[in-house]
Amino acid sequence: MNKRNPEEFPENGFIIVASLKERFYKAAIECAESVKLFWPEAHITVFVDHEEWIKPSDWNHADYIVHWEVPKHIRAKLWALGNTPYKGITCYLDADIVCQHEDVEKVFDQLPDDLDLLFTKIRPYNAKVTKLSNTEEMTAHCGWFLYRNNPHTIKLMEDWYGEYIAQNLHNNHGYVNDIGDYPDDVRKWDTFTMWKLLEYGDTKVKWKDDLHVRWNFVNGYKDSELEDEEIVFWHYTIPEHEIHLKRK
Amino acid sequence: MANEKVVLEIDPSNITTVSDETNKKKNFVYKDPYWSNKEAKHMIVTLEYPDGRKSTASIQDKDGTNPDYKAVLEEFGEEVLDENTAEGVKRRDDQIKKRLERKETEAVRAKQEMLFGAKLQAFEIDAVKDSDNIKLKRLIRKAKSPMEVQAYTTILLMETMDEQKES
Chain A
1 MNKRNPEEFP
11 ENGFIIVASL
21 KERFYKAAIE
31 CAESVKLFWP
41 EAHITVFVDH
51 EEWIKPSDWN
61 HADYIVHWEV
71 PKHIRAKLWA
81 LGNTPYKGIT
91 CYLDADIVCQ
101 HEDVEKVFDQ
111 LPDDLDLLFT
121 KIRPYNAKVT
131 KLSNTEEMTA
141 HCGWFLYRNN
151 PHTIKLMEDW
161 YGEYIAQNLH
171 NNHGYVNDIG
181 DYPDDVRKWD
191 TFTMWKLLEY
201 GDTKVKWKDD
211 LHVRWNFVNG
221 YKDSELEDEE
231 IVFWHYTIPE
241 HEIHLKRK
Chain B
1 MANEKVVLEI
11 DPSNITTVSD
21 ETNKKKNFVY
31 KDPYWSNKEA
41 KHMIVTLEYP
51 DGRKSTASIQ
61 DKDGTNPDYK
71 AVLEEFGEEV
81 LDENTAEGVK
91 RRDDQIKKRL
101 ERKETEAVRA
111 KQEMLFGAKL
121 QAFEIDAVKD
131 SDNIKLKRLI
141 RKAKSPMEVQ
151 AYTTILLMET
161 MDEQKES
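These protein sequence lines map, in sequence, to chains A and B. Letter by letter, the first sequence follows residues 1 to 248 of this note's numbering. Letter by letter, the second sequence follows residues 1 to 167 of this note's numbering.
Any given hint might turn out to be false.
Calculated pairs, EDC-like style, for lysine to aspartate or glutamate (alpha carbon to alpha carbon, straight line, at most 16 angstroms) [stated by the list, open to error]:
#	chain 1	residue 1	chain 2	residue 2
1	B	Lys-31	B	Glu-79
2	B	Lys-135	A	Asp-103
3	B	Lys-38	B	Asp-61
4	B	Lys-135	A	Glu-33
5	A	Lys-87	A	Asp-113
6	B	Lys-129	A	Asp-58
7	A	Lys-121	A	Glu-225
8	B	Lys-142	A	Asp-103
9	B	Lys-144	B	Glu-113
10	B	Lys-129	A	Asp-113
No lab work stands behind these hints, which were simulated from the structure alone.
One chain only, chain A, in its complex shape (with noise of 0.2 angstroms):
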C-alpha cells in the first residue's frame, strides 16, 4: 500500500521531475519502477507538470506523483527540490536513469553526516562544457545527488531555480543579466548556475563531488572508472527524436 499523505513518508525518498515532453514521463516511471524492482520499499515521489499523462498503472511503481502547482517549465526540477516531501535525504534522479542494482538500498548511507549536497564528478571527457575558463570549471554532476532537508540546503535549491530563470531572461535587445565573460551557451545549463551558487553565492550549504561514479554511471563513461564494482544507477540519454514522441 503506498502511503500518499506526506505526513506518513519516510525520513528519505527520490524524487524524479517531468515536464514539457510525455517521453520524460515514459521515463520517469520506467525509472521509479527499476528502483522499486530493486528496493520495493523504496519511496519515490515523481513530479509532473501535465495531470493527464499518469495513467493509474502509474501508481504501482510510485508512492506519490504531485502535478499540482508543477510549473510547465524546461527546469521545473529546479522547482521541485525545493519542494521535496521527504524531510532527511532526499535523492534526486534525472528521469532518464535506471536503477540496476540491489545496492540501491544504501543510497542514504552515502550522504556523510558532515555534508549537505553530495554529487558525483563530471567526466569531462564525456561532457559538453565543463572548462568555463583556465582556472574554472564544473565538476558536479547535477543529474543525479543527495541532498538533506534543512533551511540552508532548501535555499540553495530555490536559488538554483531562482538563478536559473534570472539567467535565462530576456528580452528584445537580449538577455537581461550578465553573465560576465562567461560564453552565452552555458546559460542554457542548471549545472552552470549551481556551480556560481556554490562557488561565488554566500551558501552555507557544506558539499562535496566526489561520489563513486557507479551511483551515477553516464553513457559513454569507461568502465575502468568503476574500479571493479556494479554500476548502481545507469545514466542513459533519450535520443532527441523520442522526446517529442507521445507515451505508448
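We have chain A; now place chain B onto it with these hints.
Relative to the frame of chain A, chain B by itself:
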C-alpha cells in the same frame, strides 16, 4: 599569308642587357618557423602578408645558398626553431591523443547504447513487463551484454509459459 617568312632584324648596338636581378623587398613576414627535418636543413614557415593572408612555405637549403633559409635563421635563431618544433610535436601528439580518446568514447558509448537498447526491448515485452519473476527481471537489468539480456529474457519467457501450462 600564314606561311610568309618574317625577317627579324636586330641591331646589335641597340640591345639592352638585363642587369643583375634587383633585390625585391619582400612583402611578408616570417612567422612560427619550425624544423621539418633539421639534419636535411628543411624548415616550414608561415608567411604573413600585410592584408592578413597567410601561406605556408617549405624551405630547404641543400647547398647552403637558399636566401630564405638564411633569413629565417638570422631572424629567429636555431633555438627558437628547436623550441617551436618541440611545441608543435607536443601539440600534434595531444591532438592525436584527443582524437583517439574521442573515438574510444564513441565506441564505448555505442556499445553501451546497444546493451541498453537490448534491455529496453526486453522490458517492452508484455510478458516480461508484467512478470512477477523479480529474480530474472533483476538479472536482465544487471546484464552486461546483449547476449546475457537475451538469455535471461528467454528463460523468463520459458518459465512464464511453463507456469501458464500448469495453471
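Exercise. Which hints, by number, does the structure contradict?
Worked result: 10
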